[in-house]
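A.B. asks: For the record, the sequence lines run as chains A and B. For the first sequence, the numbering used here assigns the number 1 to the initial residue and increments by one for each residue that follows. For the second sequence, the numbering used here assigns the number 263 to the initial residue and increments by one for each residue that follows.
FYI, nobody ran anything at the bench for these hints, they're computed from the structure. This one's a predicted model, so the numbers in the text were calculated from it and none came from an experiment. Please note that the accuracy of each hint is not assured.
Cβ-to-Cβ under 8 angstroms is the rule here; a few derived chain B residues that face chain A [claimed, not checked]:
id, residue
1, Asn331
2, Arg374
3, Ser376
4, Asp391
5, Thr394
6, Gln412
7, Asp428
The calculated label-pair distances, taken between Cβ atoms and stated as ranges, are [stated by the list, open to error]:
id, chain 1, residue 1, chain 2, residue 2, range
8, A, Val81, B, Glu410, 17 to 27 angstroms
9, A, Val81, B, Gln373, 23 to 33 angstroms
10, B, Thr318, A, Ala46, 38 to 48 angstroms
11, B, Gly453, A, Gly156, 32 to 42 angstroms
12, B, Glu377, A, Val81, 18 to 28 angstroms
13, A, Asp196, B, Gly290, 57 to 67 angstroms
Yeah, the Cβ is synthetic: ideal placement off N, Cα and C, and Gly gets one too.
Given next are the chains, with one letter for each unit.
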Amino acid sequence: MFNNRTVAVTTDVKTGVLLLVSVLASLFLASCSSSAEHPIMVDDIAIDDPLEENNRRVFAFNAAVDDAVIHPVVGGYRAVVPSPARTGLRNFLRNIKSPVTLANQLLQGDLPGSRDVVLRAVINSLVGVGGLFDVAGSEGIEYESEDFGQTLAIWGVGHGPYLVVPFLGPSSVRDYSGYAVDSFADPLRWYLHNIDEEGIYYAKVGLDYLDLRESLIDVLQDLESSSIDYYAAVRATYYQRRDALVKDENTDGAPAIPNYDD
Amino acid sequence: MAMLRKIALVVFVFAAFQGVCASPAFAGTDREEGSKAFIDGMAQQGIDFLGDQSLTMDQRKAKFRNLLNNSFDMDTIGRFALGRYWREATDGQRKEYLKLFHQMVIEVYSQRFSEYKGQKVEVRSAREDGETDAIVSSFIIPADSGSEIQVDWRVRHEGGRYKIVDVIVEGVSMSVTQRSDFASVIQRGGGQIDVLLSHLRNGGSASIEEAAQQ
Numbered sequence: 001m002f003n004n005r006t007v008a009v010t011t012d013v014k015t016g017v018l019l020l021v022s023v024l025a026s027l028f029l030a031s032c033s034s035s036a037e038h039p040i041m042v043d044d045i046a047i048d049d050p051l052e053e054n055n056r057r058v059f060a061f062n063a064a065v066d067d068a069v070i071h072p073v074v075g076g077y078r079a080v081v082p083s084p085a086r087t088g089l090r091n092f093l094r095n096i097k098s099p100v101t102l103a104n105q106l107l108q109g110d111l112p113g114s115r116d117v118v119l120r121a122v123i124n125s126l127v128g129v130g131g132l133f134d135v136a137g138s139e140g141i142e143y144e145s146e147d148f149g150q151t152l153a154i155w156g157v158g159h160g161p162y163l164v165v166p167f168l169g170p171s172s173v174r175d176y177s178g179y180a181v182d183s184f185a186d187p188l189r190w191y192l193h194n195i196d197e198e199g200i201y202y203a204k205v206g207l208d209y210l211d212l213r214e215s216l217i218d219v220l221q222d223l224e225s226s227s228i229d230y231y232a233a234v235r236a237t238y239y240q241r242r243d244a245l246v247k248d249e250n251t252d253g254a255p256a257i258p259n260y261d262d
Numbered sequence: 263m264a265m266l267r268k269i270a271l272v273v274f275v276f277a278a279f280q281g282v283c284a285s286p287a288f289a290g291t292d293r294e295e296g297s298k299a300f301i302d303g304m305a306q307q308g309i310d311f312l313g314d315q316s317l318t319m320d321q322r323k324a325k326f327r328n329l330l331n332n333s334f335d336m337d338t339i340g341r342f343a344l345g346r347y348w349r350e351a352t353d354g355q356r357k358e359y360l361k362l363f364h365q366m367v368i369e370v371y372s373q374r375f376s377e378y379k380g381q382k383v384e385v386r387s388a389r390e391d392g393e394t395d396a397i398v399s400s401f402i403i404p405a406d407s408g409s410e411i412q413v414d415w416r417v418r419h420e421g422g423r424y425k426i427v428d429v430i431v432e433g434v435s436m437s438v439t440q441r442s443d444f445a446s447v448i449q450r451g452g453g454q455i456d457v458l459l460s461h462l463r464n465g466g467s468a469s470i471e472e473a474a475q476q
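Isolated chain B, as found in the complex:
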């Protein structure tokens, strides 16, 4: 009898521990979980077209454009990147700028498709930030023995939709870096927004020195 009771106790304690371990550790809020699932899905889409060897460059570009339009709030990112010069820009300049900015992002990142070498994206956590946003932390895990890269996504939840408004790689915000770049171009161009626009028209990625030689 005593033996049986002991076994029952051990089984019970074991089962209780199993239960604790199996229960999801602190499920996040709806916005956190939703944002995580959104980033997970977006990353999977990206990996699918990057890893699909049957696609041509143009097909990949089209898929990327789709992904960008569906998952990123490009107008917000573009407007942020223009910083205080947005207020000074005319309606015509704003419209052209947003169009050129969009094109530049597609061109710049298309050039990097070939850098994809089987890396995986692992979404690990999320936390709410402000009224509408969540910061989703993910890690890019290389296929070889290299080190992981932390990528955080600022996801905005509005009108039932999720949109990325910033990408932060190892603590470096792409939007902030872009804004600093654009501000410097405009300042060194005598405060003229048109100087930035002409750089963007000429392909964007050409450096200032190269453009000056043209």
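In isolation and in its complexed conformation, chain A is listed as follows:
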């Protein structure tokens, strides 16, 4: 029994190491790839989208999935579950993600941020009824979204090529790798794996996805109606939003608008 588990865990570690190696290799290759003659700039970041034609196809596929499945599902979710309960679920999901968030804060060397993660987890778990209520947030200890993609950014790793992932949407080689690392390293997954309840983890991933899509649906509809090339608008939004998250929402990153005198 014990042996079986050890074997399973070792295979998992092997997969993890392989994953990490392939991630680093692709990031290295990405940094060597050339960009277009006139790269499209998002603020001061040149967008690297060598897979654009393929990305556009996946984007169109995702848009079709959104229309056929996601919109009705989110609509049903909103109709059945009232807003306070949806907020409760979001708080709960954020709370059980605390170990991953904390690890990333520490890897980023953000000590005040790490302290806030611990404080939030303790306060919200105890006073906020197992994380359903964001008591810490209303006391001024705000939630900060952290993931391994952001950690890589702090370490100086560039985005690499832009990537539209089926079902998941816009990402980059760096951020998608970070997402894989976070999912792999999540102690909750290890724990549930060890008590043979991995199904619960996949249910949690499903709820994460539902929560994410519900939070994005209005934003994306607005973006679609205000853009001519929806793909390009989403891409620009993705880069800026990730940049803001890496900088922990600091307004110092607001792009300069020149003063045209003529």
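Given chain A's structure and the hints, the job is docking chain B onto it.
C.D. replies: Relative to the frame of chain A, chain B by itself:
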């Protein structure tokens, strides 16, 4: 006597604390305070016409156009959104582009008036940026239990007037996103500015795929 002195001391300390708490916490520079008041007033105007159920769609649109012309530097925003293609555009193209851009903004945002559901705007802070600008941070607070949305405004103070030159929602600049959108349309149209102009003439918000089918 000793008792009285003690009471006096407590009252004094209490009063001193009150004084510290009551004094405005670090009042900003004139530009910061002016920009904050300007955004506050602009947001209030917006909420007034959005929340006024007696207005027709056309009346709302007219109020919005007014607000846009008075509070936003639309020529600067439009020129920024065209990016490096502004230099390549002829005078005629520039003029038509700015006109179409203005119309597009009014059309696109008019479609969203109905999304207003009693949200409040709370202006919280401002900081100077560069020679003429201030970044004003505000938060849109939903009427229900949803989460707040941070909206930063780049306000330019010139010739005694305040004008908005960019709106940044949760770290995403509307001007930068628009520029990226337009640049992609022009690049995919073979570098022709006219391709963008024809999209804008056809209503702007129609997606590339839809326009290709027309």
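A.B. asks: Please list, smallest to largest, the hint numbers that this structure does not respect.
C.D. replies: Hint check: 1 and 3 fail, others pass.
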